[in-house]
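Using the sequences provided together with the hints, build the complete structure.
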Amino acid sequence: MKRIYLDYASTTPCDPKVAELMTKYLTFEGEFGNPASRSHSFGWEADQAIDTARHQVADLIGADPREIVFTSGATEADNLAIKGTAQFYETNGKHIITSKIEHKAVLDPCRELERDGFEVTYLEPNSDGIITADMVADAIRDDTILVSIMFINNELGTLNDIENIGKLCFDKKIVFHVDAAQATGKVEINLSELPVNLMSLSAHKTYGPKGIGALYIRRKPRSRIRAQMHGGGHERGNRSGTLPTHQIVGMGEAYRIAKERFEQDKAHVDILHDRLLQRINEVEQVYLNGSLDHKVKNILNVSFNFIEGESLIMALENVAVSSGSACTSATLEPSYVLRALGRADELAHSSIRFSFGRHTTIEDIDQTADTLIDVVKKLRQLSPLWDMYQDGVDMEAFDWDEYMH
Amino acid sequence: MAYSDEVTKRFKGVLSNPDNFNVGKFDPNDPNVATGMTGAPACGDVMRLQLKLDDDDRIEDVVFKTYGCGSAIASSTMFVEMLKGKTIDEAREIKDKDIADALALPPIKIHCSVLAEDSIKKAIDDWDRKRSMIGHNGGPK
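Line order of the protein sequences matches chains Z and V.
All residue numbers for the first sequence refer to my numbering, where the first residue is 1 and numbers rise by one.
All residue numbers for the second sequence refer to my numbering, where the first residue is 1 and numbers rise by one.
Note that these hints are calculated values from the structure, not bench results.
Note that beta-carbon positions come from the ideal geometry of N, C-alpha and C, so glycine has one too.
Hints should not be assumed to be uniformly reliable.
Pair by pair, the computed Cβ-Cβ distance ranges are [said to hold, decoys possible]:
{"no.": "1", "chain 1": "V", "residue 1": "P107", "chain 2": "Z", "residue 2": "K100", "range": "23 to 31 Å"}
{"no.": "2", "chain 1": "V", "residue 1": "K9", "chain 2": "Z", "residue 2": "R115", "range": "22 to 30 Å"}
{"no.": "3", "chain 1": "Z", "residue 1": "N126", "chain 2": "V", "residue 2": "F26", "range": "40 to 48 Å"}
Structure, rendered in structure tokens:
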């Protein structure tokens, strides 16, 4: 049976043009030189390729190429932005604001800074999964030095109010960092106008290779960070280490294509999303997680009440999706993002994230929906909770204490 | 995570053919039926096990329903098989480890088999309670 990939928010395949271009920067016949070599054409050619890629990355987000610092991915960019800002500005204050629905690549560096004496406020999203400027405004203190809020939530696809949070931060001269790993190629980003100081970027979420990303560092007004990786002073001293030419070229090409295909990609996922949502709505006791209005349509997160997510994934067999269920996580904890929405734990356990992309077809969606509707019915036949619900038991009021093991 | 062949086989089997795997429900008020339910939706798993017993405390029939991951559902089917034809006293001897071993559950999934063991304990408690009530009323046994 054909495998169907609906996990594009986790990673995307490289565009064939990206993969092909990358191979030209590896072997002796290609441009394998060290871009930092100033003394010969092998270095110059590689440096030229990096320069082109830097322009391509900057172009997609409306930035200046000098504002791009290549890193090993968005996780490193997040670490560099958060720890680097905190360490640079710690004499101004030790308070940081972020949210409970950030990616672990933001939350864990924040936790690490707490161990170093920083104080972190973790904002709760509203029930739609969105962080607003008002929430940030209420949390700002005199000693706040950094606000870090993601552009698009990776589990829900919800959009935060980046523009107004940024205005607020710029007014108060607080550094504003945005994790945009899920945003490139999905929403328009124009940093010549959008008030953001630091932005983390990933290549592999946008049809580029894994292992490469970037941190955008605004020049006007200039944002300063302390480097976390020391060595040859590459990337204007912000991130040392020989630049991986093939990776960077791949990222540049992927971003060039993302810009070129922006409208086409968006229109495509809009159709897929609405089709799947329409089919899913045929099923009763289904809950949409996160806002339907303020979101990107390449992600659809729903909970199938009375069914545990991992069993649903297992029953879907040939369809690759992910779940907020505890059983799919290494820690056996249900999704902290869904819990932060104030969702009952059981709905977090029952959640499935579908994410679509360029290679997803309408047939894929229809086949997925057919299988989904069938296995939801079957799994509910197996579910004692469904039985109770059918028998008219008030599931919200039911006291499970005596049944806990 | 990859599942063992036994877990996959049972999960697929019960999904496509629930009747062959004793999926179902007995009337909990039937004096010959013992019910054990364990878990909580907030924890991600709930198992309901029901035994139909004869007057010699022998298990005539078993049904179950389980809300949980694939391993929890597979554990339930395994467990139900082990219970058939046994007496209540024999059923007490079944341990979660027997189920975990038979299904080759990885350590992170051991709690799925514990759920099954807890359910049988609860069902036995229910049976003991029903028996003592009957005894008290001067009925048979």
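For this session: With 23 to 31 Å as the target window, see if V/P107 and Z/K100 comply at their CB atoms.
Result: The hint (23 to 31 Å, Cβ to Cβ) holds, given that V/P107 and Z/K100 are roughly 30 Å apart.
Exercise. Using the C-beta atoms of Z/N126 and V/F26, is the stated range 40 to 48 Å upheld?
Worked result: holds (45 Å)
Exercise. So does V/K9 sit 22 to 30 Å from Z/R115, Cβ to Cβ?
Worked result: This hint is violated: roughly 47 Å between Cβ atoms.
Checked against the numbered hints above, the structure violates only hint 2.
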